[in-house]
Structure formats: structure tokens, C-alpha cells
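Visitor: Sequence:
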Amino acid sequence: MKRLLVGLLAAACLCGSYPALAAEEKDPKKQAELLEKIKLLEQQIADLTALKLKKQSLPVKREQCMKVVGVESYCTCVVEKLPASVDYRQFVNLLLTPAKEFGYDSMSSEQKKDIDQTLVVWAKCVDYKGPKGAGFLDGILNRDTLF
35 MKRLLVGLLA AACLCGSYPA LAAEEKDPKK QAELLEKIKL LEQQIADLTA
85 LKLKKQSLPV KREQCMKVVG VESYCTCVVE KLPASVDYRQ FVNLLLTPAK
135 EFGYDSMSSE QKKDIDQTLV VWAKCVDYKG PKGAGFLDGI LNRDTLF
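Going left to right, the sequence shown walks through residues 35 to 181 as this note's numbering numbers them.
Think of the hints as simulated: they come from the structure by calculation, not from any bench.
All the given hints hold, so there is nothing to weed out.
Straight-line alpha carbon distances no greater than 25 Å define the calculated DSS-like cross-link-like pairs of lysine-lysine that follow:
| hint | residue 1 | residue 2 |
| --- | --- | --- |
| 1 | K86 | K146 |
| 2 | K86 | K71 |
| 3 | K101 | K89 |
| 4 | K158 | K101 |
| 5 | K158 | K115 |
| 6 | K115 | K147 |
| 7 | K71 | K60 |
| 8 | K101 | K115 |
| 9 | K73 | K63 |
| 10 | K73 | K86 |
| 11 | K115 | K146 |
| 12 | K147 | K86 |
| 13 | K147 | K134 |
| 14 | K146 | K158 |
| 15 | K115 | K89 |
| 16 | K89 | K146 |
| 17 | K86 | K115 |
Only a predicted model underlies this, so the values are computations on that prediction, with no experimental measurement involved.
Please model the entire structure based on the sequences and the hints provided.
Guide: This is the structure in C-alpha cells:
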């Protein structure tokens, strides 16, 4: 008997609040606010996922760099600044391959952004002994190859 009473009470509470929910769902302002909150949460989830991926890839990138270069300060700089989607092997390949050869012009804007960021990482982390005049970074980004 108590269970039946509790069940009826719960059903009455749910039914009583349903019209308010239905009216709220039809309000365009409330819907827009809800959609905005959903988009914000999705962006936060994407940001956290990217951060987690980057943190997981750091040891692998560091190991690759240390095997090749063996300079801890350089490897730390490169590994921390590289986009999550670029490992050290790809980093070296991007530095040595002419842009036309790997199809830079036909890549998506996201891929181009990662490549551009990778070249900037090199410029920031390497102890470059060559000329660094005005337009140094522009020269790097508009190059056939770095070496």
C-alpha cells in the first residue's frame, strides 16, 4: 500500500511539472540559451580531450627527440610547443620537405595551421645561427624547404 501511495505521489509530481517543462521547451529564448550552453560544454569537452591527447603524447615526442638530437632544452621546447597532431618524426619531415611536395596547397585549413605552427615552433626553439633579419618568420613560412 505504501509503495502504491509513493508511486502515485511521484506520478502526480511528474505530471504536475510536465506542462511547465513543455512551455519552457517552446520558448525560443530558452531554447537559444540551452543551445548556447550545449555548444559551450561541447567546446570545453573538445578542449579537455585535446589537452589530454597532448599530455599523453609528450613522453613519446620527447623520447623521439632525445634519440635524434639529445639536447634536453631543445627537446623540451619543441615537445611542449608542437601541435598534438604532430609527433617529432613528422616535425623533422615537415622541416625537410618542400611545401609543394607534401601538398600544402591542397590541405585543409586545420592541417595548414598545424604545419605553420610547427614551423614557428622550430624558429622559436632552435638556436639558429644564420641571419635573422626582418621578416625572418615570414621567410620560414614561405619557404620551399628550411635546409
